[in-house]
Each structure stands twice: as C-alpha cells, then as structure tokens.
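Quick note, the sequences are listed as chains A and B, same order.
Taking our numbering, the leading residue of the first sequence gets 1, the next gets one more, and so forth.
Taking our numbering, the leading residue of the second sequence gets 1, the next gets one more, and so forth.
Since the list gives no way to pick out one identical chain from another, each pair is judged satisfied if it fits inside one copy or across any two copies.
Below, simulated DSSO-like cross-link-like pairs (lysine-lysine); rule was C-alpha separation at most 30 Å, straight line: (1) K137 / K43; (2) K43 / K110; (3) K47 / K2; (4) K17 / K110; (5) K137 / K47; (6) K17 / K7; (7) K47 / K110; (8) K137 / K151; (9) K17 / K2; (10) K17 / K65; (11) K146 / K47; (12) K17 / K151; (13) K110 / K2; (14) K110 / K137; (15) K43 / K7; (16) K2 / K65; (17) K65 / K151; (18) K17 / K43; (19) K110 / K151; (20) K65 / K146; (21) K17 / K146; (22) K7 / K65; (23) K151 / K47; (24) K43 / K146.
Calculated directly from the structure, the hints in this document are not laboratory data.
There are 2 protein chains.
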Amino acid sequence: MKEIVFKPIGVIHSEFKSPEGTPIQPSAASGAAGQVELFEEFKGGLKDLDGFSHIILLYYFHMVKGEALTGRPFMGDEDRGIFAIRGPSRPNAIGISTVRLLSVSDNILKVRDVDILEGTPLLDIKPYVPGFDNREKVRIGWLDRKIHRLKDTTDDGRFSL
Amino acid sequence: MKEIVFKPIGVIHSEFKSPEGTPIQPSAASGAAGQVELFEEFKGGLKDLDGFSHIILLYYFHMVKGEALTGRPFMGDEDRGIFAIRGPSRPNAIGISTVRLLSVSDNILKVRDVDILEGTPLLDIKPYVPGFDNREKVRIGWLDRKIHRLKDTTDDGRFSL
Numbered sequence: 001m002k003e004i005v006f007k008p009i010g011v012i013h014s015e016f017k018s019p020e021g022t023p024i025q026p027s028a029a030s031g032a033a034g035q036v037e038l039f040e041e042f043k044g045g046l047k048d049l050d051g052f053s054h055i056i057l058l059y060y061f062h063m064v065k066g067e068a069l070t071g072r073p074f075m076g077d078e079d080r081g082i083f084a085i086r087g088p089s090r091p092n093a094i095g096i097s098t099v100r101l102l103s104v105s106d107n108i109l110k111v112r113d114v115d116i117l118e119g120t121p122l123l124d125i126k127p128y129v130p131g132f133d134n135r136e137k138v139r140i141g142w143l144d145r146k147i148h149r150l151k152d153t154t155d156d157g158r159f160s161l
Numbered sequence: 001m002k003e004i005v006f007k008p009i010g011v012i013h014s015e016f017k018s019p020e021g022t023p024i025q026p027s028a029a030s031g032a033a034g035q036v037e038l039f040e041e042f043k044g045g046l047k048d049l050d051g052f053s054h055i056i057l058l059y060y061f062h063m064v065k066g067e068a069l070t071g072r073p074f075m076g077d078e079d080r081g082i083f084a085i086r087g088p089s090r091p092n093a094i095g096i097s098t099v100r101l102l103s104v105s106d107n108i109l110k111v112r113d114v115d116i117l118e119g120t121p122l123l124d125i126k127p128y129v130p131g132f133d134n135r136e137k138v139r140i141g142w143l144d145r146k147i148h149r150l151k152d153t154t155d156d157g158r159f160s161l
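Please construct the entire structure, taking both the sequences and the accompanying hints into account.
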C-alpha cells in the first residue's frame, strides 16, 4: 500500500484566521467558538450525535509547511521526536481535537473550545466517550515539566506556510 | 480540495487475525499484546516517546467493506448516525486507539490493550496527555444505556470484507 486517499467531508470555521495566536489545545482555548460545516451529502451521518456533549474532530493540518521527524514544541525549548509532540509537521498531517458540542442543526455543528484554524478541512467526527478514551495512571514524559505553560502558550506560526 | 493523500508509516501487529472476535475498544482489550512496526525511515520521530505511558494510534481501517452514513453499533440494537458511533465504515476510514506503551526499541513499539487487527496500516502516533484529551461532565448519548456491554462485546465481522 503506497498511499491512502481521504476526502474532506466538511470545513471547520473558527475565529482564528492565521496560525499566530491560535490556541495550541482545546483545553487552552477558553471556550473559543466555532462551527463545523459538514458537506450536505454527509449530514445523514449526524443522526444521534446531539446526545453527546463532546466530539473528537479529525482534520487535515492544511497550513503546515512540511514534514519533519523532530520539532520544537510550542511549550518546549528543545527539539523532540515528532511522535512525542502534537505539532502539525507530521509524516501524515492529521490533527485531533476534542471539542464541546453545543448544537446540531441541519449540517452545522456549533462547537466550543476550538483550537483549529478557520478553513481547516474536516476528515471525521467521532463521539467522545470517557470509557473509551480516558486513561488513569499516566506518565507524560517531557511534558510533565512544561504543561503548566499550556494556558499561556499560543501558536507562533513556526510550523506554518 | 478534492482529495488528501496520506501514506502508511508502519504496520500494527496483534493477535487478532480476523475481525470476528477482535475487541471493539482498547478499554475492553484486557491487556492484549501488540507491536507497532514503524518503517525505518520514520524512526527518528520516536525520540522522547518512551517517557509516555500511553500513546494514541491513528490507523486506516483497511478491512472495511464500504462506507455508509448509518451503522448498527456492536453494542447497540438500532442504526445510528456514523458520526455518533465508532465503527469503521466511515466516509474516511480512520481509527483511533489509545494504547499502553511498554517499550520503544529501534523501530518497534511494544504495546498493550490493542483492539486493532493484525496488519493494519499505521498513519500517526501521538502522545496521550490527559490535560489535552480528557474532559469532565460528559454526556454520551445513546451509549449511556449500552456501555455496560463493552467488556462482553467483540467484533462480529459486520463491517468487514
């Protein structure tokens, strides 16, 4: 298998029009408002989604300027392996964000805690389920001494076109 | 943007050789052993990963037999919107699983709690960070009355070739 082809199923809208200043995680996005616009042909897939308070968005980091095997994370001061950070310059530039779902109306989802750039292509929506997705007794490696910076750190454009 | 092209960066190995009987979530996989074989050219990206106890694997549901906008979930008894379930027959067949990371050696990761089929193409590895990925005060919609079935439910092949 040489390549795997996916298609955008919608577009994510947010108040963040350029990488600089965009929050680096939903948990640092302080309620930032956004909308997920699902393309019309996929809206049948939204049935039953409104019962969930949170959803996981999978999307394409369309503004990334290239891939690398290491990167300097926004909260760090040395280069780390790309699989040990969450930045966008990955071999496959897929992002994941768990956001609050406020409403589903026709093909539009109102969401909050959005750390995603305006115009980002949407790949998938999954229901967030703590019984599936949460773990206890977790070690977070290099982030353990850096995560206190989360709320005060935003994107500075280092990975972007 | 008509299509987005990704590439396999490795292969996931597990004890589950066919969909039937495969656990449907890592939290129901009871420690099932697996290995992530990262292709040699990407192993530089593993630097610093061994400090993390859990990682999020993103992969391609390569055995899925087609896409649909609704599906009958393994734990349910009626059809649900595909974005309100976690099954594989999605418009973009991307799976995510948070697994335990036991060791990193050269290009091989030993992992546990694997709910993934042998031979599954790997798309990405991200460090799991509760401060990024966990939410509180969560509603889980239709799953609220079904999730007690998780440990006793396995794949029955309904979505697979």
